[in-house]
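Visitor: Could you put the whole structure together from the sequences, leaning on the hints where they help?
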Amino acid sequence: MPEPKVKIVLEDPFAELPEEPVEDRARVRFEPSGQEVPARKGKTLLETARTEGVALPHACNGRSRCGTCRVRVLAGPLNLNEIDAVERRTLQQYRVYLPGIRLGCRARVLGDCSVNVEMTAEQAHASWCEKGSSAWRPRGGFK
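The C-terminal residue of the sequence shown carries number 142 in numbering that gives the first Met the number 0, and the numbering is unbroken.
In case anyone wonders, no lab produced these hints; they're calculated from the structure. Small disclaimer: the values here were computed from a predicted structure and weren't measured. There could be a bad hint or two in this list.
[Unchecked claim] Simulated restraints on C-beta separations:
| no. | residue 1 | residue 2 | range |
| --- | --- | --- | --- |
| 1 | Arg62 | Lys4 | 52 to 60 Å |
| 2 | Gly52 | Gly99 | 45 to 53 Å |
| 3 | Arg39 | Arg87 | 20 to 28 Å |
| 4 | Gly99 | Arg24 | 18 to 26 Å |
| 5 | Lys4 | Thr50 | 42 to 50 Å |
| 6 | Arg49 | Arg88 | 20 to 28 Å |
| 7 | Lys4 | Pro37 | 14 to 22 Å |
[Unchecked claim] Calculated lysine to any residue pairs in the SDA-like style (CA-CA distance at most 20 Å, straight line):
| no. | residue 1 | residue 2 |
| --- | --- | --- |
| 8 | Lys42 | Cys59 |
| 9 | Lys42 | Asn78 |
| 10 | Lys42 | Val53 |
| 11 | Lys42 | Val72 |
Virtual Cβ for every residue (Gly too), placed ideally from N, Cα, C.
Guide: Right under this line is the structure:
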């Protein structure tokens, strides 16, 4: 019995990767700049901002310690994950645990939304910070 012929297909390693499925993408609008950018579902607002070149201060580099990446959700609050214990603790620590306030480093995109960046880079730099023995603390708190 003859052996079956095997067809070998070599793929071009430099070919473009297929686009993400539409259901894996969302749109995020950042105010006050008005930038509306694509976002991959499951990524944080901070990751999205970094990828798309949107200014979103983050003094602790996204480690949920400083509160400088906080945003106010303007539209689509159900299109972000629920607040977890780490985010709640950080918001409470800086006395900004208020309705609609989220940390950009913890809020994950689930669908289209709009947020207002609450601090400018200058404000974040001015209010930030000295590293204490066990936690990051802002100078004079957030206003």
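Visitor: Going back to the hint list, which numbers does this structure go against?
Guide: Violated hints (numbers, rising): 2 and 7; every other hint is consistent with the structure.
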